[in-house]
Amino acid sequence: MLVKIGDKIYNSTQVPILLIFDAKEIKDMQNLADNNHKYCSFPDESEEKDIVEFMRTDDVEIEITGYVRY
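Here numbering that gives the first Met the number 0 is used: the first residue of the sequence shown is 0, the next is one more, and so on.
Hint data in this document are derived by calculation from the structure and do not stem from the laboratory. Here the structure is a predicted model, which means the values were calculated and not measured. Keep in mind that a hint or two might mislead.
Cut-off 35 Å, straight-line C-alpha distance, at most; resulting in silico cross-link-like pairs (DSBU-like, lysine-lysine) [what the hints assert, rightly or not]:
(1) Lys26 to Lys48
(2) Lys37 to Lys7
(3) Lys23 to Lys48
(4) Lys26 to Lys7
(5) Lys3 to Lys37
(6) Lys37 to Lys26
(7) Lys48 to Lys7
(8) Lys23 to Lys37
(9) Lys7 to Lys23
(10) Lys48 to Lys3
(11) Lys3 to Lys26
What follows is a set of in silico ranges between Cβ atoms, one per label pair, in the way DEER data are often shown [as the list claims (entries may be wrong)]:
(12) Ile50 to Asp21: 17 to 27 Å
(13) Glu47 to Gln13: 28 to 38 Å
(14) Gln13 to Asp43: 12 to 22 Å
(15) Asn34 to Val2: 18 to 28 Å
(16) Thr12 to Glu44: 16 to 26 Å
Ideal Cβ placement from N, Cα and C applies to all residues, glycine included.
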């Protein structure tokens, strides 16, 4: 599992990662299409262009294996 916080990406093969979801986030993730592999949570005042830029991970190889796909 990879997690991006700010401008740093953490890999669960190198450091333990714990994600704590609220009920709305769980529902949102259950409704994602199968080909989605990202879920982003952000402050309400964030602008869409900033969120799209933040979600870019072109510089990181992401291999989707047996974990939940967001």
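The hints, checked one at a time:
{"no.": "1", "hint": "Lys26 to Lys48", "in the structure": "holds (25 Å)"}
{"no.": "2", "hint": "Lys37 to Lys7", "in the structure": "holds (16 Å)"}
{"no.": "3", "hint": "Lys23 to Lys48", "in the structure": "holds (23 Å)"}
{"no.": "4", "hint": "Lys26 to Lys7", "in the structure": "holds (27 Å)"}
{"no.": "5", "hint": "Lys3 to Lys37", "in the structure": "holds (10 Å)"}
{"no.": "6", "hint": "Lys37 to Lys26", "in the structure": "holds (15 Å)"}
{"no.": "7", "hint": "Lys48 to Lys7", "in the structure": "holds (19 Å)"}
{"no.": "8", "hint": "Lys23 to Lys37", "in the structure": "holds (16 Å)"}
{"no.": "9", "hint": "Lys7 to Lys23", "in the structure": "holds (25 Å)"}
{"no.": "10", "hint": "Lys48 to Lys3", "in the structure": "holds (17 Å)"}
{"no.": "11", "hint": "Lys3 to Lys26", "in the structure": "holds (21 Å)"}
{"no.": "12", "hint": "Ile50 to Asp21: 17 to 27 Å", "in the structure": "holds (19 Å)"}
{"no.": "13", "hint": "Glu47 to Gln13: 28 to 38 Å", "in the structure": "holds (32 Å)"}
{"no.": "14", "hint": "Gln13 to Asp43: 12 to 22 Å", "in the structure": "violated (32 Å)"}
{"no.": "15", "hint": "Asn34 to Val2: 18 to 28 Å", "in the structure": "holds (20 Å)"}
{"no.": "16", "hint": "Thr12 to Glu44: 16 to 26 Å", "in the structure": "violated (34 Å)"}
Taken one by one, the earlier hints fail for this structure at numbers 14, 16, listed in ascending order.
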